[in-house]
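So the sequence lines, in the order shown, correspond to chains A and B.
Per the working numbering, the first sequence starts with residue 1, numbered consecutively.
Per the working numbering, the second sequence starts with residue 265, numbered consecutively.
Just to be clear, a hint being listed does not mean it is correct.
[Stated by the list, open to error] Here are the simulated lysine-lysine pairs, DSS-like style, with alpha carbons at most 27 Å apart:
#1 LYS369/B x LYS459/B
#2 LYS228/A x LYS63/A
#3 LYS394/B x LYS505/B
#4 LYS371/B x LYS394/B
#5 LYS339/B x LYS500/B
#6 LYS184/A x LYS259/A
#7 LYS256/A x LYS394/B
#8 LYS276/B x LYS95/A
#9 LYS184/A x LYS256/A
#10 LYS274/B x LYS3/A
#11 LYS520/B x LYS394/B
#12 LYS369/B x LYS259/A
#13 LYS394/B x LYS500/B
#14 LYS256/A x LYS371/B
#15 LYS184/A x LYS95/A
#16 LYS520/B x LYS505/B
#17 LYS339/B x LYS3/A
#18 LYS3/A x LYS459/B
#19 LYS228/A x LYS500/B
#20 LYS259/A x LYS371/B
#21 LYS520/B x LYS339/B
#22 LYS394/B x LYS339/B
#23 LYS520/B x LYS228/A
#24 LYS95/A x LYS520/B
#25 LYS459/B x LYS371/B
#26 LYS339/B x LYS505/B
#27 LYS394/B x LYS228/A
#28 LYS371/B x LYS228/A
[As the list claims (entries may be wrong)] Incomplete in silico selection of chain B near chain A, CB under 10 Å:
#29 SER278
#30 TYR325
#31 MET359
#32 TRP383
#33 PHE391
#34 GLY401
#35 ALA436
#36 PRO437
#37 GLY494
#38 GLY527
#39 SER542
Just so you know, the hints here were simulated from the structure itself, not pulled from any lab data.
Glycine included, every Cβ here is placed at the ideal spot set by N, Cα and C.
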Amino acid sequence: MKKPSVFLFTFVVIYLVFLYAPIMLLPIFAFNDSSIIAFPLSGFTMDWFIGLMSENTLHRALKNSLIIAVTAAVISTCFGILTARAMARHDFIGKRPSFGLIMAPLFLPEIIIGVALLIVLIQLGVSLNIWTVILGHILICTPFSVSILYSAFNNMDRSIEEASLDLGETRFGTFRRVIFPLVKPGVIASILICFTISLDEFVIAFFLTGVEPTLPVYIWAQLRFPSKLPSIMALGFILLLISLILLAVFEYYRRKSEKLIGKS
Amino acid sequence: MALRSSFGTKWKRSFAGWRLIGGPFLFGFLLLLAPLFLMIALSLWTQDYLDLDRTPTLNNYRDIFSHPVYVMLIKRSVSISLFVTMVTVLLAFPMAYYISFYGGKYKAIWLFLITIPFWTSYLLRIFLWKIILGYNGVVNSSLLSLNLIEEPLSFILYNANAVVIALAHAWAPFAILPIFVSLERIDRSMLEAAKDLGDSAIRSFFRVTLPLAMPGIISAALIVFIPTIGDYVTPKLVGGKDGLMIANMIQVQFSKANNAPLGAALAITSLMTVLLISLGFLFFNRRYLRKQTQ
Numbered sequence: 001m002k003k004p005s006v007f008l009f010t011f012v013v014i015y016l017v018f019l020y021a022p023i024m025l026l027p028i029f030a031f032n033d034s035s036i037i038a039f040p041l042s043g044f045t046m047d048w049f050i051g052l053m054s055e056n057t058l059h060r061a062l063k064n065s066l067i068i069a070v071t072a073a074v075i076s077t078c079f080g081i082l083t084a085r086a087m088a089r090h091d092f093i094g095k096r097p098s099f100g101l102i103m104a105p106l107f108l109p110e111i112i113i114g115v116a117l118l119i120v121l122i123q124l125g126v127s128l129n130i131w132t133v134i135l136g137h138i139l140i141c142t143p144f145s146v147s148i149l150y151s152a153f154n155n156m157d158r159s160i161e162e163a164s165l166d167l168g169e170t171r172f173g174t175f176r177r178v179i180f181p182l183v184k185p186g187v188i189a190s191i192l193i194c195f196t197i198s199l200d201e202f203v204i205a206f207f208l209t210g211v212e213p214t215l216p217v218y219i220w221a222q223l224r225f226p227s228k229l230p231s232i233m234a235l236g237f238i239l240l241l242i243s244l245i246l247l248a249v250f251e252y253y254r255r256k257s258e259k260l261i262g263k264s
Numbered sequence: 265m266a267l268r269s270s271f272g273t274k275w276k277r278s279f280a281g282w283r284l285i286g287g288p289f290l291f292g293f294l295l296l297l298a299p300l301f302l303m304i305a306l307s308l309w310t311q312d313y314l315d316l317d318r319t320p321t322l323n324n325y326r327d328i329f330s331h332p333v334y335v336m337l338i339k340r341s342v343s344i345s346l347f348v349t350m351v352t353v354l355l356a357f358p359m360a361y362y363i364s365f366y367g368g369k370y371k372a373i374w375l376f377l378i379t380i381p382f383w384t385s386y387l388l389r390i391f392l393w394k395i396i397l398g399y400n401g402v403v404n405s406s407l408l409s410l411n412l413i414e415e416p417l418s419f420i421l422y423n424a425n426a427v428v429i430a431l432a433h434a435w436a437p438f439a440i441l442p443i444f445v446s447l448e449r450i451d452r453s454m455l456e457a458a459k460d461l462g463d464s465a466i467r468s469f470f471r472v473t474l475p476l477a478m479p480g481i482i483s484a485a486l487i488v489f490i491p492t493i494g495d496y497v498t499p500k501l502v503g504g505k506d507g508l509m510i511a512n513m514i515q516v517q518f519s520k521a522n523n524a525p526l527g528a529a530l531a532i533t534s535l536m537t538v539l540l541i542s543l544g545f546l547f548f549n550r551r552y553l554r555k556q557t558q
C-alpha cells in the first residue's frame, strides 16, 4: 500500500476536526456547570439532565415525536416493500413515471413539500395535528425505504420463489414463508432509518404541526431562550447516543441482509 | 393474433405490477403531485384579507419581479447555495479520494466515521456553529488566548459566511459518499497504464481519475445544491439579517404576512430556478454522463 502525501493526510485530519467540531461541544456543555454556553468551562454537573425530567412540554413533544416516527416508519416501510417489489419483479406500463413520483421527495427542497402539503390541508379545511405531520413524513421517508429494500428484492434468487410455488405454496404463503424471511433484515433496517429521519425532521413538522409540538419543534422554540440552552445541550447529547445505538443496530441488520440475499 | 395475445399479457403483467405499486403511487399522487398543482393554482390567485380571490392573474409573479427584495433574496439564495455546493464538493473530494485510494481494509470504518457526526439533531448541529463562530465563541476565544487577534472577529457569524460554513458542514457526507462510489468504480489498472505510458502523477490524475470521477462529482453537486437553496433553519439561526434566504421569506408569507398566494408564487419561482440551474448543469456536463452509460 502506497502512502498518501503529507499534504493530503494533513487535509484529512483537519477536515475530520471540522466534521466533529460541533458534536464535540455537545457533551462539553451538557455537563458544564454554568448557565452560559461559553468558554472557559466552570465545573462538572448533572443538573441539566436531571432538569429534563421535570419538563412536561418536553415529555409531550417526545411522546408526539415517537408516535409520529413509529407510524411513519411502519407505513413508509410498507410502501417501500410494495414499490421495491414492483420495481424488481414486474414490468408494467407507467413503471418509470410512477417510480419517479415516489422517489421525487428526495429531489425536492423540504420547504416546497411542507408548503405544498400545507396549502392542500388548509384548502380542504383539515385541522393540523400529529396526523398531518405523519403524512408529510411518510412522503419523505418512502424513498429511503425503497432504496434500502430495492437491492434486497432485486438480488434475491428468483428460483427460490418458483420452487415454493411449484411445490404448491400459494402466492401469499410464498411471500410469508419464503420472501419475507429473506428480506426481513432489510425491512428492519428500513424501519430504523425511517424512524431516525422522522424523529429529526424539522421543517415539514414546523409547517404541519398544529398546537402539538414534535421534539425538533420543541427544541426550535427553546433555542430562543438563552437560559434553556444547557438543558437543550443535555437533550441533544441523549438524542445523539440514541441515534448512534439505532445506527449500530441498523448496520447489523443491513449486513445480515446482504449476507442472506448473497450479494454477488 | 400473436400481437393481440402479447398485448393482453402486457396488460395482465401491468396489473400485477400496479397491484403492488398502486398504493404508494396513489399516496404520492394525492400528497405530492396534486398539492404541487394546487400550489401553482394558488400562486395565480390573490389574497384579499381573509378571503381568496380565485380569478387567475399573474400579479403575484409581477410583484416578485418588481420588488427588489424578492429578487435579491432569490439571487442571494442561488449564490449562497452555489458557493456552498462548490466548497462542499471541493472539500469532500480529497476526503473521498483518501478513503478510496488509501483506506485499505478500513474503508467501511472510514465511511462510518464520516457519518457519525450527522446523527445529531440537524437543528442542534447548526446551532452549535453559532457557539463556535460567535463573538464569545470557540474560534474567537481560542484566537484571543493565543494572542493571534486583538479583538473578536465579527465577520464569521450572522452573515452569509456563517451560512456557508454551517451548510458545507451539514451536507458533507452527502457529497463524500457519491464521489467515493465513483472513485471506487475506477479500474486501477487504467492508472497503472497511464503511469507506464509515461504520464506523471498529476497528469494522470487530471486525464484519468478526474474525468472518471465526474459522474460522482456531478451527483454530489446536485444532492447538495437542490436542498440547500430551500434551507430554512441555517439562515435563520446563523445568517443574521444579511444571510436570510428565500425559504425564510416563504415561511413569513404563510404566517405573519398572511399572503399564501404570494408565498406559493415565491415557492414556484424558487423551484423553477433550482430546476433550470440543475438542468443547465447537467447539460454542460453531459459528455461525462454519456461516457458512463457506454
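Comparing the hints with the structure gives:
At roughly 24 Å between alpha-carbon atoms, LYS369/B and LYS459/B fall within 27 Å of each other, so this suggested pair holds. The hinted pair formed by LYS228/A and LYS63/A meets the criterion: a straight-line CA distance of about 20 Å does not exceed 27 Å. Taking the CA atoms of LYS394/B and LYS505/B, the gap is near 15 Å; set against the 27 Å cutoff, the hint holds. With a CA separation close to 32 Å, the supplied pair LYS371/B and LYS394/B exceeds the 27 Å bound.
Between LYS339/B and LYS500/B the CA atoms are separated by roughly 17 Å; this keeps the pair inside 27 Å, and the hint holds. Between the alpha carbons of LYS184/A and LYS259/A the distance comes to roughly 12 Å, so the proposed pair stays at or under 27 Å and holds. For a cut-off of 27 Å, the pair hint linking LYS256/A to LYS394/B is broken: about 40 Å separates their Cα positions. In summary, the hint linking LYS276/B to LYS95/A is supported, as the alpha carbons are separated by about 14 Å, within the 27 Å threshold.
Distance restraint check for LYS184/A and LYS256/A: the Cα-Cα separation of roughly 9 Å lies within the 27 Å cut-off, and the hinted pair is therefore satisfied. For the hint pairing LYS274/B with LYS3/A, the CA-to-CA distance comes to about 57 Å; that exceeds 27 Å, so the pair is violated. At most 27 Å may separate the alpha-carbon atoms for a hinted pair to count; LYS520/B and LYS394/B meet this at roughly 26 Å. For the hint pairing LYS369/B with LYS259/A, the CA-to-CA distance comes to about 19 Å; that is within 27 Å, so the pair holds.
The suggested pairing of LYS394/B with LYS500/B holds, with an alpha-carbon distance near 11 Å, which does not exceed 27 Å. For the proposed pair LYS256/A and LYS371/B, the alpha carbon gap of about 19 Å is at most 27 Å, so the pair holds. Between LYS184/A and LYS95/A, the direct Cα distance comes to roughly 25 Å. Compliance with the 27 Å bound is thereby established for this hinted pair. Our distance criterion of 27 Å between C-alpha atoms is met by LYS520/B and LYS505/B, whose separation comes to about 17 Å.
Our distance criterion of 27 Å between C-alpha atoms is broken by LYS339/B and LYS3/A, whose separation comes to about 44 Å. With a C-alpha separation of about 17 Å, the suggested pair LYS3/A and LYS459/B falls inside the 27 Å cut-off, and the hint holds. For the proposed pair LYS228/A and LYS500/B, the alpha carbon gap of about 19 Å is at most 27 Å, so the pair holds. Proposed proximity of LYS259/A and LYS371/B is supported: the alpha carbons are some 19 Å apart, at most 27 Å.
The hinted pair formed by LYS520/B and LYS339/B meets the criterion: a straight-line CA distance of about 23 Å does not exceed 27 Å. A hinted pair counts as satisfied when its Cα atoms are at most 27 Å apart, and LYS394/B with LYS339/B qualifies at roughly 24 Å. Distance check on the hinted pair: LYS520/B and LYS228/A sit about 25 Å apart at the alpha-carbon level, within 27 Å; holds. Simply put, LYS95/A and LYS520/B have alpha-carbon atoms about 42 Å apart, too far for the 27 Å limit, and the pair is violated.
Restraint check for LYS459/B and LYS371/B: the C-alpha separation of about 25 Å stays at or below 27 Å, so the hint holds. For the hint linking LYS339/B to LYS505/B, the alpha-carbon distance of about 15 Å falls within 27 Å, and the restraint holds. A C-alpha spacing of about 15 Å is found between LYS394/B and LYS228/A, which places the hinted pair at or below 27 Å, so the restraint holds. Among the hinted pairs, LYS371/B with LYS228/A is inconsistent with the structure: their alpha-carbon atoms are about 40 Å apart, more than 27 Å.
Nearest Cβ of chain A to the Cβ of SER278/B: about 4 Å, under the 10 Å cut. The hint holds. Restraint check, TYR325/B versus chain A: the minimum CB separation of about 16 Å is more than 10 Å; hint violated. Taking 10 Å as the C-beta cut-off, the interface hint given for MET359/B holds, the closest approach to chain A being about 5 Å. Taking 10 Å as the C-beta cut-off, the interface hint given for TRP383/B holds, the closest approach to chain A being about 4 Å.
For PHE391/B, the suggested interface contact is upheld, since its CB lies about 6 Å from the closest CB of chain A, less than 10 Å. With a cut of 10 Å, the hint placing GLY401/B at the interface with chain A holds, because the nearest CB-to-CB distance is about 8 Å. Satisfaction of the interface hint for ALA436/B is found here, the shortest Cβ-Cβ separation to chain A being roughly 6 Å, below the 10 Å cut-off. Nearest Cβ of chain A to the Cβ of PRO437/B: about 8 Å, under the 10 Å cut. The hint holds.
Given the 10 Å rule on beta carbons, the hint for GLY494/B holds: about 3 Å separates it from the nearest Cβ of chain A. Annotation: interface hint on GLY527/B holds; nearest CB of chain A at approximately 7 Å, less than 10 Å. Annotation: interface hint on SER542/B holds; nearest CB of chain A at approximately 9 Å, less than 10 Å.
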